[in-house]
Each structure stands twice: as C-alpha cells, then as structure tokens.
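Q: Sequence:
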Amino acid sequence: MEFKLIYEGKLKSNADATEKHRIRQVFHEQLKNAWKYPPLNEVTDWVKIPPIATSSFTSVKNVGGHNFATLVCKTMSMYCELDLLILKPDISHGAFGDLDNKLKTIFDALRYPNKVQEIPSSWTPNADQTPLICLLEDDDLITRFNVNVDRLLRNASTDDIVMIITVKVKGVGARVGSLSLIV
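For the sequence shown, my numbering gives the first residue as 1, with consecutive numbering after it.
In case anyone wonders, no lab produced these hints; they're calculated from the structure. Check the hints yourself; a few may be wrong.
What the hints assert, rightly or not - Calculated lysine-lysine pairs in the PhoX-like style (CA-CA distance at most 20 Å, straight line): (1) Lys-10 - Lys-102; (2) Lys-4 - Lys-88; (3) Lys-32 - Lys-4; (4) Lys-74 - Lys-170; (5) Lys-170 - Lys-12; (6) Lys-104 - Lys-115; (7) Lys-61 - Lys-32; (8) Lys-104 - Lys-10; (9) Lys-88 - Lys-12; (10) Lys-48 - Lys-10; (11) Lys-4 - Lys-36; (12) Lys-10 - Lys-61; (13) Lys-104 - Lys-168; (14) Lys-88 - Lys-104; (15) Lys-32 - Lys-12; (16) Lys-115 - Lys-4; (17) Lys-168 - Lys-74; (18) Lys-115 - Lys-10; (19) Lys-115 - Lys-74; (20) Lys-102 - Lys-88; (21) Lys-102 - Lys-12; (22) Lys-48 - Lys-36; (23) Lys-74 - Lys-88.
Unchecked claim - Quick list of simulated restraints, FRET-style, between CB atoms: (24) Thr-75 - Arg-154: 18 to 28 Å; (25) Arg-144 - Asn-114: 18 to 28 Å; (26) Val-172 - Lys-12: 29 to 39 Å.
For every residue, glycine included, the Cβ atom is placed at its ideal position computed from N, Cα and C.
Model the full assembly from the supplied sequences, consistent with the hints where possible.
A: Structure follows, in structure tokens:
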C-alpha cells in the first residue's frame, strides 16, 4: 500500500515532546481519513479501542491513559519505506540546517509515544483523537528512507517547509488481515 502524508510549517531540530506531539496530531488527521478508503476501510477494527473491536487484532495501545493506534506494527510483521520531499524557500548550501535531528523529529512524530513523558501533560484528546492514529508502532519499522530537498515556489517564511512523505507499507509475510495492505 502506498499513500502520502503532508506536513507544512516549521520543523525544529531536537524538538521537545510538545512539538513532536503537535506534528503527530497533524499526521493523525490524514491517517484517520485514510481509514475511510480501501484497503484500510477493510480493517477498521485495527483502530477501535477494545472491547469494541470485533476481530482478534487491534493496534490500539494505551500510554499514560491515552489511546494510540498504529498502521505499521510488529504484530502484523509490517514495515515501511519513506520518501521525503522537503520544499523550502531557500535551498542554498546548509540552509536547511540540522537535517539528521529534523528527520528524527519527524520520525518520532510518525510513531506513537512509548512512554508518558512523550505526551504533553496539558494534552487532552478530543473525541476525534480517541484513539490518536499514528503511522508507526516504532521508528525502527522504517527500513529505508530517501530525502530530497528542493525549492518551494510560493511565498513563505524562510523557516517554513512543505514536506510530502510517500509511505510504502510492506510486510515480511502475509498475516490474516494485513494481506491487502502490503505491497
């Protein structure tokens, strides 16, 4: 399965939990919409909070009293590859800055929090964010990534970016419920 996620705005190096969670919520909106279309609409139990789920599998995990669901998870022997296109107003040498830490910010925002310290204490999910849907159970499920930085051809602050992430979901082997999702 292949689809795209988009992030627009500032991208900090070494972002704190609040910033990563803000970006995580941006991706949640898009991932939630992805579950309306094939093939994800065939596995909607994955993102239902037990005991509502009717299948034998749910990807929902509770962290600090908050529910998070993932698409790419170890239980289903899945992994993903990412192609990131980063568009920015200034592409002169070194203008993007600390690329490795900015990528770490994005990768952390794509996964669900592993511990309560990764969730802002002030965050209260609204009904649409229960569960909060994340792409990854863990960022070690990213097996390949490619980054391309190019010029953004619209007026924007020099700190703003548009990032288009092409996600390719793959699997190690077929599992009941995941066959239609893997390429």
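Q: Hint by hint, note whether the structure agrees.
A: Structure-based check of all given hints:
1. For the hint pairing Lys-10 with Lys-102, the CA-to-CA distance comes to about 10 Å; that is within 20 Å, so the pair holds.
2. Taken as a hint, the Lys-4 and Lys-88 pair is honoured in the structure, with Cα atoms around 18 Å apart against an allowance of 20 Å.
3. Of the pairs offered as hints, the one joining Lys-32 and Lys-4 holds, with about 13 Å between alpha carbons and a cut-off of 20 Å not exceeded.
4. Annotation: proposed proximity of Lys-74 to Lys-170 holds, straight-line Cα distance about 11 Å (limit 20 Å).
5. Restraint check for Lys-170 and Lys-12: not satisfied, since their Cα atoms lie roughly 29 Å apart, outside the 20 Å limit.
6. Distance hint between Lys-104 and Lys-115 is fulfilled; the C-alpha atoms sit about 17 Å from each other, no more than 20 Å.
7. Between Lys-61 and Lys-32 the CA atoms are separated by roughly 16 Å; this keeps the pair inside 20 Å, and the hint holds.
8. For the hint pairing Lys-104 with Lys-10, the CA-to-CA distance comes to about 14 Å; that is within 20 Å, so the pair holds.
9. The straight-line distance between the Cα atoms of Lys-88 and Lys-12 is roughly 14 Å, inside the 20 Å bound, and the hint therefore holds.
10. About 32 Å separates the Cα atoms of Lys-48 and Lys-10, which puts this hinted pair outside 20 Å; it is violated.
11. For a cut-off of 20 Å, the pair hint linking Lys-4 to Lys-36 stands: about 15 Å separates their Cα positions.
12. For the hint linking Lys-10 to Lys-61, the alpha-carbon distance of about 29 Å lies beyond 20 Å, and the restraint is violated.
13. Our distance criterion of 20 Å between C-alpha atoms is met by Lys-104 and Lys-168, whose separation comes to about 19 Å.
14. About 18 Å separates the Cα atoms of Lys-88 and Lys-104, which keeps this hinted pair within 20 Å; it holds.
15. Between Lys-32 and Lys-12 the CA atoms are separated by roughly 25 Å; this puts the pair beyond 20 Å, and the hint is violated.
16. Restraint check for Lys-115 and Lys-4: not satisfied, since their Cα atoms lie roughly 27 Å apart, outside the 20 Å limit.
17. For the suggested pair Lys-168 and Lys-74, the alpha carbons sit about 16 Å apart, so the restraint of at most 20 Å is met.
18. Note on Lys-115 and Lys-10: the hinted pairing is violated, with a Cα-Cα distance of about 25 Å set against a maximum of 20 Å.
19. Straight-line distance between C-alpha atoms of Lys-115 and Lys-74 comes to about 18 Å, which keeps the hinted pair within the 20 Å bound.
20. For the hint pairing Lys-102 with Lys-88, the CA-to-CA distance comes to about 14 Å; that is within 20 Å, so the pair holds.
21. About 6 Å separates the Cα atoms of Lys-102 and Lys-12, which keeps this hinted pair within 20 Å; it holds.
22. As the CA atoms of Lys-48 and Lys-36 are separated by approximately 14 Å, the hinted pair is consistent with the 20 Å bound.
23. Among the hinted pairs, Lys-74 with Lys-88 is inconsistent with the structure: their alpha-carbon atoms are about 34 Å apart, more than 20 Å.
24. Against the hinted window of 18 to 28 Å, the Cβ-Cβ separation of Thr-75 and Arg-154 comes to about 42 Å, which falls outside the hint.
25. The beta-carbon spacing between Arg-144 and Asn-114, approximately 22 Å, falls within the hinted interval of 18 to 28 Å.
26. Separated by about 34 Å at the C-beta atoms, Val-172 and Lys-12 satisfy the suggested range of 29 to 39 Å.
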